[in-house]
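Please work from the sequences and hints to get the whole structure.
Protein chains: 2
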Amino acid sequence: MKLVLDAMGGDFGPAPNIEAAIDFAREFGHEIVLVGKQEVLRPLLNQHSTANLHLPIVHASEVIEMGEHPAQAVKAKKDASMNVGMRMVRDGEADGFVTMGNSGGALASALFTLGRIRGIQRPAISTVFPTTKGWVFVLDVGANADCRPEYLLQFGLMGSIYSERVLNVRKPRVAIISNGEEEGKGNELTQQAYALLKQAPINFIGNAEGRDLPEGMADVYVTDGFTGNVIIKLSEGIGSFIKGMLREEITRDTKGKVGGLLIRDALKRISKRTDYEEIGGAPLLGVDGVVIIGHGRSNARAIRCALLRAAECVERGVVDAIEKGLEALPKPDVRSSVERNTELKVS
Amino acid sequence: MKLVLDAMGGDFGPAPNIEAAIDFAREFGHEIVLVGKQEVLRPLLNQHSTANLHLPIVHASEVIEMGEHPAQAVKAKKDASMNVGMRMVRDGEADGFVTMGNSGGALASALFTLGRIRGIQRPAISTVFPTTKGWVFVLDVGANADCRPEYLLQFGLMGSIYSERVLNVRKPRVAIISNGEEEGKGNELTQQAYALLKQAPINFIGNAEGRDLPEGMADVYVTDGFTGNVIIKLSEGIGSFIKGMLREEITRDTKGKVGGLLIRDALKRISKRTDYEEIGGAPLLGVDGVVIIGHGRSNARAIRCALLRAAECVERGVVDAIEKGLEALPKPDVRSSVERNTELKVS
Numbered sequence: 395m396k397l398v399l400d401a402m403g404g405d406f407g408p409a410p411n412i413e414a415a416i417d418f419a420r421e422f423g424h425e426i427v428l429v430g431k432q433e434v435l436r437p438l439l440n441q442h443s444t445a446n447l448h449l450p451i452v453h454a455s456e457v458i459e460m461g462e463h464p465a466q467a468v469k470a471k472k473d474a475s476m477n478v479g480m481r482m483v484r485d486g487e488a489d490g491f492v493t494m495g496n497s498g499g500a501l502a503s504a505l506f507t508l509g510r511i512r513g514i515q516r517p518a519i520s521t522v523f524p525t526t527k528g529w530v531f532v533l534d535v536g537a538n539a540d541c542r543p544e545y546l547l548q549f550g551l552m553g554s555i556y557s558e559r560v561l562n563v564r565k566p567r568v569a570i571i572s573n574g575e576e577e578g579k580g581n582e583l584t585q586q587a588y589a590l591l592k593q594a595p596i597n598f599i600g601n602a603e604g605r606d607l608p609e610g611m612a613d614v615y616v617t618d619g620f621t622g623n624v625i626i627k628l629s630e631g632i633g634s635f636i637k638g639m640l641r642e643e644i645t646r647d648t649k650g651k652v653g654g655l656l657i658r659d660a661l662k663r664i665s666k667r668t669d670y671e672e673i674g675g676a677p678l679l680g681v682d683g684v685v686i687i688g689h690g691r692s693n694a695r696a697i698r699c700a701l702l703r704a705a706e707c708v709e710r711g712v713v714d715a716i717e718k719g720l721e722a723l724p725k726p727d728v729r730s731s732v733e734r735n736t737e738l739k740v741s
Numbered sequence: 395m396k397l398v399l400d401a402m403g404g405d406f407g408p409a410p411n412i413e414a415a416i417d418f419a420r421e422f423g424h425e426i427v428l429v430g431k432q433e434v435l436r437p438l439l440n441q442h443s444t445a446n447l448h449l450p451i452v453h454a455s456e457v458i459e460m461g462e463h464p465a466q467a468v469k470a471k472k473d474a475s476m477n478v479g480m481r482m483v484r485d486g487e488a489d490g491f492v493t494m495g496n497s498g499g500a501l502a503s504a505l506f507t508l509g510r511i512r513g514i515q516r517p518a519i520s521t522v523f524p525t526t527k528g529w530v531f532v533l534d535v536g537a538n539a540d541c542r543p544e545y546l547l548q549f550g551l552m553g554s555i556y557s558e559r560v561l562n563v564r565k566p567r568v569a570i571i572s573n574g575e576e577e578g579k580g581n582e583l584t585q586q587a588y589a590l591l592k593q594a595p596i597n598f599i600g601n602a603e604g605r606d607l608p609e610g611m612a613d614v615y616v617t618d619g620f621t622g623n624v625i626i627k628l629s630e631g632i633g634s635f636i637k638g639m640l641r642e643e644i645t646r647d648t649k650g651k652v653g654g655l656l657i658r659d660a661l662k663r664i665s666k667r668t669d670y671e672e673i674g675g676a677p678l679l680g681v682d683g684v685v686i687i688g689h690g691r692s693n694a695r696a697i698r699c700a701l702l703r704a705a706e707c708v709e710r711g712v713v714d715a716i717e718k719g720l721e722a723l724p725k726p727d728v729r730s731s732v733e734r735n736t737e738l739k740v741s
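Same order as they appear, the protein sequences are chains A and B. Taking this note's numbering as reference, the numbering of the first sequence is continuous, increasing by one, and the terminal residue is 741. Taking this note's numbering as reference, the numbering of the second sequence is continuous, increasing by one, and the terminal residue is 741.
Please note that a few of the clues may not be correct.
Repeated chains share a single entry, so a pair holds when one copy, or any two copies, can fit it.
Computed cross-link-like contacts, BS3-like style, restricted to lysine-lysine with a CA-CA straight-line distance of at most 30 Å [claimed, not checked]:
hint, residue 1, residue 2
1, 637, 651
2, 396, 718
3, 527, 579
4, 637, 579
5, 565, 592
6, 527, 592
Honestly, the hints are just simulated from the structure, not real lab data.
Quick look at the structure:
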């Protein structure tokens with residue numbers, strides 16, 4: 395197998411990318427193409443012993459930075475590492491692409507270069523979310539701020555396939571995030587998506603409320619990219635908020651300080667259970683190729699995990715399974731009720 | 395002043411309601427009408443010494459239960475304590491209504507009985523949210539799953555007025571919850587609402603991401619009732635999740651257990667800083683009268699706080715201020731771009 399790693403991606407630059415590629419190539423024997431600035435990558439790579447490993451560098455003169463406007467940067471910087479890597483996947487020169495860079499950039503680059511799987515209306519950015527029952531899978535968390543019910547139906551299918559094939563969940567339970575548990579709750583979008591998901595050949599268990607998410611009631615949570623984005627950023631924010639309060643209140647007196655030292659190991663275990671870096675990346679689903687996006691803050695260990703996810707997607711045929719799975723989905727009335735209502739008003 | 399308290403509302407039944415009413419009447423000298431089942435309330439009230447306090451009981455033979463379908467229950471149970479209380483406010487027999495009961499029921503009862511303030515398109519259920527900088531105000535958290543940009547504009551105005559007059563924030567900063575900070579980020583709804591809020595005579599500071607909420611970047615956060623509902627329930631869920639993990643990991647070994655005992659006071663302080671019960675209720679804004687809804691889990695102390703909020707709303711003329719404030723709002727093109735686009739397609 396041959397994977398391409400965006401060696402320029404992530405908050406810590408090329409070093410952890412190179413370290414992860416070496417570890418991964420050594421452990422699994424796969425070829426990892428490092429795409430990025432040759433003059434930066436070569437000296438870094440030469441600091442390691444890489445005998446018998448397949449770690450070619452493919453030069454890319456530009457980089458999509460974290461703060462850039464994704465679509466504009468991807469179009470302007472033809473020779474960005476992301477674009478070069480995606481082209482290799484498109485042209486069959488590599489089996490999958492992994493980046494810790496700008497996730498909007500990865501979405502734009504994948505859409506322009508790889509395109510969508512035939513029949514997929516919109517790709518989705520996914521993530522994993524820590525719960526009392528382990529990590530669960532959530533999509534879309536940012537690709538599509540405005541969704542149609544059919545997009546959510548396809549997200550449910552794609553999430554179910556990824557959860558089953560890569561996260562090894564048998565018959566993954568798929569839920570839709572809503573503002574109430576009962577059928578009939580929701581906004582117009584989720585109510586219509588509910589009706590479609592109910593008919594799909596997946597293990598759809600209905601609506602999940604916000605509080606069900608950290609309880610891990612389902613294995614796959616489907617939502618629009620606006621709500622999904624608010625959910626992951628709010629969760630990060632609440633995590634930091636509680637951490638900050640703990641630190642502040644515990645260090646307020648000596649008794650607390652001593653207690654704080656004694657619970658340090660417990661806090662480390664909690665950090666391990668909830669830290670995204672422990673789990674690596676998550677796929678960009680719906681584009682015509684394997685693409686894994688990791689967190690910008692990823693260390694070498696997280697990047698190694700992301701490479702592993704990519705290898706699993708390739709080995710377990712996730713892209714093909716999605717294309718085949720689409721055939722079995724219910725064919726919705728393409729005109730949503732919003733349009734029908736408006737037409738009624740107009741006529 | 396004369397407030398009506400739904401003495402049947404809340405998870406703990408009439409006892410904490412009666413206790414709170416007595417405390418409040420004693421402290422402020424106001425009249426508190428206890429509405430509910432006479433045969434239940436009278437014996438409970440008689441257990442306390444209430445000399446010189448104005449605590450009449452108004453009989454209501456029915457109760458809207460927590461699990462009931464709000465609108466159906468409110469219509470079917472004409473003599474429910476909520477309906478009886480709202481009618482007293484409508485008929486000028488009381489200045490405000492307070493309940494710890496079914497919030498959807500309170501919304502339905504208020505809409506049917508009090509109606510909306512003239513010019514208000516949709517009322518909003520609000521809440522307070524704990525942040526690093528204290529409590530902030532969030533609306534809508536459940537009244538309107540599908541919103542139009544003009545609703546969010548009015549939520550911004552109402553939130554700003556409440557924050558300034560009752561929460562004593564000078565020039566409250568109003569933000570709209572979105573999936574990115576920059577202007578232009580958002581879904582179609584928030585982008586259009588942004589344009590309207592920018593022109594409104596309030597201190598609008600732009601988009602807030604999910605992670606900005608626990609940081610207390612703004613004083614008032616505006617969102618649609620679907621996203622708002624997901625936000626508050628997710629926050630509760632994450633709080634319980636982290637609490638559960640702390641308990642589990644700390645009690646895993648003796649060192650942790652000792653540490654846990656030493657940080658008990660710190661954890662109590664955190665609980666105080668984040669527990670909704672400490673803050674009482676939040677208003678149902680946009681209906682033509684003062685209505686405060688508290689958490690079902692409220693104890694007497696929280697109910698006393700909710701009564702105080704109601705008294706402040708009355709004293710500081712929140713309802714009148716909203717009606718006047720509406721006049722200064724930008725008048726949006728009533729046809730949203732969605733409709734315009736569809737018309738273009740149809741014609």
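Hints, verified against the model:
no.	hint	result
1	637 x 651	both (15 Å within a copy, 19 Å between copies)
2	396 x 718	within (24 Å within a copy, 67 Å between copies)
3	527 x 579	within (25 Å within a copy, 34 Å between copies)
4	637 x 579	between (34 Å within a copy, 29 Å between copies)
5	565 x 592	within (15 Å within a copy, 48 Å between copies)
6	527 x 592	within (24 Å within a copy, 43 Å between copies)
The structure fails none of the hints (numbered hints given earlier).
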